[in-house]
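*Asks:* Using the sequences plus the hints, can you model the full thing?
2 protein chains.
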Amino acid sequence: MALKRIGAQTVKLSNPPSIISTASIVGPKEGEGPLKDYFDIILEDDMWGQESFEKSEAKIQEEAIKLAISNANLSPNDIEYLFAGDLLNQIITSSYSARQLNIPFFGLYGACSTMTESLSLGAMIIDGQFADKVVCATSSHFSSAERQFRFPLEYGSQRTFSAQWTVTGGGATVLSSTGNGPYITYITTGKIVDLGIVDVNNMGGAMAPAAIDTISQHFKDTGYNPVDYDLIITGDLGLVGKKIILDLLRKEGYDLSENYSDCGIKIFDGVEQDTHAGGSGCGCAAVVFNGYIYKEMMKRNLNRVLLIATGALHSSISTLQGESIPGIAHAVTIDNMIS
Amino acid sequence: MALKRIGAQTVKLSNPPSIISTASIVGPKEGEGPLKDYFDIILEDDMWGQESFEKSEAKIQEEAIKLAISNANLSPNDIEYLFAGDLLNQIITSSYSARQLNIPFFGLYGACSTMTESLSLGAMIIDGQFADKVVCATSSHFSSAERQFRFPLEYGSQRTFSAQWTVTGGGATVLSSTGNGPYITYITTGKIVDLGIVDVNNMGGAMAPAAIDTISQHFKDTGYNPVDYDLIITGDLGLVGKKIILDLLRKEGYDLSENYSDCGIKIFDGVEQDTHAGGSGCGCAAVVFNGYIYKEMMKRNLNRVLLIATGALHSSISTLQGESIPGIAHAVTIDNMIS
Numbered sequence: 001m002a003l004k005r006i007g008a009q010t011v012k013l014s015n016p017p018s019i020i021s022t023a024s025i026v027g028p029k030e031g032e033g034p035l036k037d038y039f040d041i042i043l044e045d046d047m048w049g050q051e052s053f054e055k056s057e058a059k060i061q062e063e064a065i066k067l068a069i070s071n072a073n074l075s076p077n078d079i080e081y082l083f084a085g086d087l088l089n090q091i092i093t094s095s096y097s098a099r100q101l102n103i104p105f106f107g108l109y110g111a112c113s114t115m116t117e118s119l120s121l122g123a124m125i126i127d128g129q130f131a132d133k134v135v136c137a138t139s140s141h142f143s144s145a146e147r148q149f150r151f152p153l154e155y156g157s158q159r160t161f162s163a164q165w166t167v168t169g170g171g172a173t174v175l176s177s178t179g180n181g182p183y184i185t186y187i188t189t190g191k192i193v194d195l196g197i198v199d200v201n202n203m204g205g206a207m208a209p210a211a212i213d214t215i216s217q218h219f220k221d222t223g224y225n226p227v228d229y230d231l232i233i234t235g236d237l238g239l240v241g242k243k244i245i246l247d248l249l250r251k252e253g254y255d256l257s258e259n260y261s262d263c264g265i266k267i268f269d270g271v272e273q274d275t276h277a278g279g280s281g282c283g284c285a286a287v288v289f290n291g292y293i294y295k296e297m298m299k300r301n302l303n304r305v306l307l308i309a310t311g312a313l314h315s316s317i318s319t320l321q322g323e324s325i326p327g328i329a330h331a332v333t334i335d336n337m338i339s
Numbered sequence: 001m002a003l004k005r006i007g008a009q010t011v012k013l014s015n016p017p018s019i020i021s022t023a024s025i026v027g028p029k030e031g032e033g034p035l036k037d038y039f040d041i042i043l044e045d046d047m048w049g050q051e052s053f054e055k056s057e058a059k060i061q062e063e064a065i066k067l068a069i070s071n072a073n074l075s076p077n078d079i080e081y082l083f084a085g086d087l088l089n090q091i092i093t094s095s096y097s098a099r100q101l102n103i104p105f106f107g108l109y110g111a112c113s114t115m116t117e118s119l120s121l122g123a124m125i126i127d128g129q130f131a132d133k134v135v136c137a138t139s140s141h142f143s144s145a146e147r148q149f150r151f152p153l154e155y156g157s158q159r160t161f162s163a164q165w166t167v168t169g170g171g172a173t174v175l176s177s178t179g180n181g182p183y184i185t186y187i188t189t190g191k192i193v194d195l196g197i198v199d200v201n202n203m204g205g206a207m208a209p210a211a212i213d214t215i216s217q218h219f220k221d222t223g224y225n226p227v228d229y230d231l232i233i234t235g236d237l238g239l240v241g242k243k244i245i246l247d248l249l250r251k252e253g254y255d256l257s258e259n260y261s262d263c264g265i266k267i268f269d270g271v272e273q274d275t276h277a278g279g280s281g282c283g284c285a286a287v288v289f290n291g292y293i294y295k296e297m298m299k300r301n302l303n304r305v306l307l308i309a310t311g312a313l314h315s316s317i318s319t320l321q322g323e324s325i326p327g328i329a330h331a332v333t334i335d336n337m338i339s
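Sequences listed follow chains U and E, in order. Numbered according to this note's numbering, the first sequence spans residues 1 to 339. Numbered according to this note's numbering, the second sequence spans residues 1 to 339.
A couple of the hints might just be wrong.
Given that identical chains are not distinguished, each listed pair holds provided it fits within a single copy or across any two copies.
[Unchecked claim] Taking lysine to any residue pairs in the SDA-like style, the calculated list, with each CA pair at most 20 Å apart, reads:
1. K4 / S18
2. K4 / V271
3. K220 / N102
4. K266 / I41
5. K66 / S216
6. K4 / D78
7. K266 / Y38
8. K4 / S177
9. K66 / V193
10. K251 / N301
11. K4 / N77
12. K12 / S177
13. K66 / W48
14. K4 / S14
15. K36 / W48
16. K220 / D78
17. K299 / N336
By construction, these hints were calculated from the structure, which means they are not laboratory data. The model shown is predicted, which means the values in this text are computed figures rather than measured ones.
*Replies:* Okay, here's the thing in C-alpha cells:
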C-alpha cells in the first residue's frame, strides 16, 4: 500500500473531504468586533441563561454543533463521529456538549490547537473510509478560562500588554466524503516545541516557535511557498507572536509579509476593545475559521488557506511547579479547488 | 468508495494493524499485585527521583513510550504519530512526555478510556494509509490523581467500599502496518451515556452503563457473541461495575459469566491490598493491556480479546456544580489471527 505521506510531517488526502457546513456562535464582545458580520449567532449575554460560565460554554459548543449539522440539512444521527475538545479541566465542555448529541465521541486536548487537531483527525478518518460525515468542534469562554488559568474575575487584575483575551465562542465544521468544497487537502501535524518560556501572560511568545516549526515543515513537505496561499493564518499568537513569526520565518527564507494574519488579531480591534495583544482560546480559531474564513472561501474571496491553530499545553499546576510552556501547532490546507 | 463500517458504531479494519511491541511500567503497589510478573518495570519508589507526583507520572509515561519503541527495535524518528492522553488537567503528563520525544503528537482526553481511544485512532490512521508506525499511550499516578480529584493525601480520608484505587503506571503500544500480530481488527466507538450518577466514589457504577452500551452495540454490529471471545475485559469498572455489567448484559441476552473480567479487578488483590472495589485510572487498562493481555496473547493463551476501556468524563468543577458523571467506553478487538 502506498502511504499518503509527503515529507516528514505531512499527509496529502487522496479524496479530500469537503466542508459542507459550519457554524459559529460568539459572545457580546466578539460580536462588537471587526468580524461581527460573519458569525451565525451573537449572544446578548455570555451566560446564555445558564447558572455558571462552564455550563454556558457547554451550551455554546452544543448549539454550534447542532447548528452546523442543521445547516447541512442533516441530523445528529447522520454523523458518525464527533471530534471535540476545549480548555477546561477534563474537557468538561465537550463531554457535556457531546452528552446531548448521541454521536460516537473522540475527546481531544490540544488547547488552542484543537480546531485544526479535530479537522486533521476528522479529515483522515473520512479519507481512510471510516466515515462519511464527521463534526469537528471546539469552544472557549473568557470567564471560565480566566478563573481556571489566571485569577478570579472579581480581583480585577491588571493585565500585561502581552496578555491576550480569551474568546467566548464556539465553532463547528461538518466534513463529508462528498461535497463541493472547500476541501481539506493537506495536513501537517505538529511536534511539541518548548523554548523555555514560563510567562503565562505571554502565550503568543510561547506558542510562536511551534507555529514556525510546523509552517516551515509544511512548506518543505509540500513544496509550496507562501505565495501559493491567499491567506496563512495562525490561531491565536496575537501581536507578539505575529512579529516573531514574520521575523523568524523570513530568516528561514519564507516571506509571509503579504498574506499572513492571526485569528487573535482579526477578531478584536485591539485598541478600541482593550484586548492588548489580541484574542486567544480554542474558540478564537474556531469562530474565525467557521465564520470569517469559511464564508470568504464560499464567496471565492479566498481560495487557498493555510490554517495553523496553536496550543499552549501547560496547566496551572505545571506553572506552579516551575515548568515552561510546551507549544504545539497543527496546520491544515483548505482549498476551493482540488486537482 | 466502500466504507469500512459494519453497523452503527463499528469499523472493520481492511488491513488490520499489528501490535509489534508494548511496554508497561508500574508503581510499587501494582508490582506486589497478582500481575507483577507481566510488567516490564516495577518502580521501587513512585516518585522515581522526581520532585513532584506530576513529574514522576510524566517520566513514567515517557519511559514507557521509549521502552515500547526500543522493544520494537525502532527509534522515535521511526514513529509518525503519538496518540496519548492522561487524567491530569490539560493532560500535562502527556504533553511533558511528548516534549521529550519529538514525534508529531495528537493529545487525547478520554479519562480512563484513553487506552482504547488511542488504539482506535492509531489503528484507523494506519489502516487509512497515513502512517506505518504509531504509538498509543496513557498513564496515571495514584498521588497526582488523588490530590487533583479528591482530597490532599495528607488528610488520610476514609474511603468508601465502592471507591477504587488509581493505578500508578503507564503503558504504550507500537502499532505497525506490517507485523505478525496480535492485530487490531474491529473498533467500536462509544457515545456518552449518563444515567445521572453523581457519586464520585462510585466510578464503576457511573461508567458501567456506557460499557454496556458499547459492548452490546459491538455484538449487534459485528454479529459476534460473547463465546467468540477468549476474554472480554473492561478498563476499570471494579467490583461494583462488574456486577452491573453481568446483570444488565444478561437481560439483553448476552451471557458474559464465563469470560468476562475487568482490568481494575485483575491488577490488585482487593482484600490483601485494601483496594476496595479495584484499580482505576488511565494507567489501569494501559498496564493490564500492555502487560498481561499482550503477553498472554503472544503465548497463545488468549487469541481473541475484546478490550473496553471506560472513562468518567467529569471534573472537580462539574461535580461541585452538581453535574452528574458522563461515561464513555471504547472497544477494540485484538486478534491473533486475521482471516
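*Asks:* For each hint, tell me whether it holds in the structure or not.
*Replies:* These are the hints, each one checked on the structure:
Proximity of K4 and S18 under a CA criterion of 20 Å is satisfied in both settings, with 18 Å inside one chain copy and 19 Å between copies. Taking the closest pair of Cα atoms, K4 and V271 never come within 20 Å of each other, the shortest separation being 45 Å inside a single copy and 52 Å across copies. In this assembly of identical chains, K220 and N102 lie within 20 Å of each other by CA distance solely across copies; the values are 17 Å between and 41 Å within a copy. Taking identical chains as interchangeable, the C-alpha atoms of K266 and I41 lie at most 20 Å apart only when both belong to the same chain, with a minimum of 18 Å there against 50 Å between chains.
For a Cα distance limit of 20 Å, the shortest separation of K66 from S216 qualifies neither inside one copy, at 36 Å, nor across copies, at 27 Å. In this assembly of identical chains, the alpha carbons of K4 and D78 lie at most 20 Å apart only when taken from different copies (16 Å versus 27 Å within one copy). Taking the closest pair of Cα atoms, K266 and Y38 come within 20 Å of each other only inside a single copy of the chain (12 Å); across copies the shortest separation is 54 Å, beyond that limit. For the homomeric pair K4 and S177, the shortest alpha-carbon distances inside one copy (17 Å) and between copies (13 Å) are both at most 20 Å.
Taking the shortest Cα distances, K66 and V193 sit within 20 Å of each other only across copies (18 Å), while inside one copy they are farther apart (35 Å). Taking the shortest Cα distances, K251 and N301 never come within 20 Å of each other, neither inside one copy (30 Å) nor across copies (58 Å). When the C-alpha separation of K4 and N77 is checked against a cutoff of 20 Å, the pair qualifies only between copies, where the shortest distance is 18 Å, while the shortest distance within a copy is 30 Å. Proximity of K12 to S177 under the C-alpha cut-off of 20 Å is found in both arrangements, the shortest distances being 15 Å within a copy and 18 Å between copies.
For a Cα distance limit of 20 Å, the shortest separation of K66 from W48 inside one copy, 16 Å, qualifies, whereas the shortest one across copies, 47 Å, does not. In this homomeric assembly, K4 and S14 come within 20 Å of each other (Cα to Cα) both inside a single copy, at 7 Å, and across copies, at 16 Å. In this assembly of identical chains, K36 and W48 lie within 20 Å of each other by CA distance solely inside one copy; the values are 18 Å within and 52 Å between copies. Taking CA atoms no more than 20 Å apart as the test, K220 paired with D78 passes between copies only; the shortest distance there is 19 Å, against 38 Å inside one copy.
Within a single copy, K299 and N336 get their C-alpha atoms as close as 10 Å, which meets the 20 Å cut-off; across copies the closest is 52 Å, which misses it.
In this structure, the hints that do not hold are numbers 2, 5, 10, in rising order.
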